[in-house]
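Colleague: Mind docking chain B on chain A? Use the hints.
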Amino acid sequence: GAVVSQHPSRVICKSGTSVKIECRSLDFQATTMFWYRQFPKQSLMLMATSNEGSKATYEQGVEKDKFLINHASLTLSTLTVTSAHPEDSSFYICSARDLGGLLEQYFGPGTRLTVT
Amino acid sequence: SQQGEEDPQALSIQEGENATMNCSYKTSINNLQWYRQNSGRGLVHLILIRSNEREKHSGRLRVTLDTSKKSSSLLITASRAADTASYFCATDEWGGNNRLAFGKGNQVVVIP
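In order, the protein sequences belong to chains A and B. With the working numbering applied, the first sequence covers 1 to 116. With the working numbering applied, the second sequence covers 1 to 112.
No lab work stands behind these hints: they were computed from the structure. Be aware that one or more of the hints could be misleading.
[Unchecked claim] With a cut-off of at most 30 Å between alpha-carbon atoms, the simulated DSS-like pairs for lysine-lysine come out as follows:
1) B:70 - B:26
2) A:64 - B:104
3) A:66 - A:55
4) B:104 - A:66
5) B:70 - A:55
6) A:41 - A:14
7) B:26 - A:64
Bound-form chain A, shown alone:
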């Protein structure tokens, strides 16, 4: 089946620094990728839709300047958490939809971000 990878799987950073998370579709092309955030024992909250070659579409309440998204190719989207604060600590998950496939979204394994 389709595979989506995320890197890093776990990152600890100091408050005020920026962190970049990569999301890659390994064996398929994805014009659209999605970024989610998940707090412990809660559901996934969609943050933004990443579109290859154009600007990302952010959900209401998500700060565009805080969470920078770049979808540079059909297999790579990046999420940069800028000037991270402890409240940004969370589990970040990306997903991708196969351009030539059916309707399923394939999810990455997630990135655990801890801001100290």
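Modeller: Chain B only, in chain A's frame:
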């Protein structure tokens, strides 16, 4: 938006028993999908049911969809300890550009 809502949210069963979870939603949908998530991991796609389908099977999984009631159920038959996980339903809303709205999730614990 988080429109899917599962009931019950926590389920503890003995190995071999069946587990049933429900999900309700509020808007028109293209399809509804069920996912499994093991603790601290990403999501695994289980099954997708389109809005014009009423029932679908995949191995030990059975999903039903009632669009008139805007609800879906996931049945896991003959549960195994490895089925212990959180299960989420997600709706692909009509006109939503493939964005998925996730429900709150069901925590299922299968006791060996």
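Colleague: So, against the hints stated earlier in the document, which numbers end up violated here?
Modeller: Checked against the structure, the only hint that fails is number 5, while the rest are satisfied.
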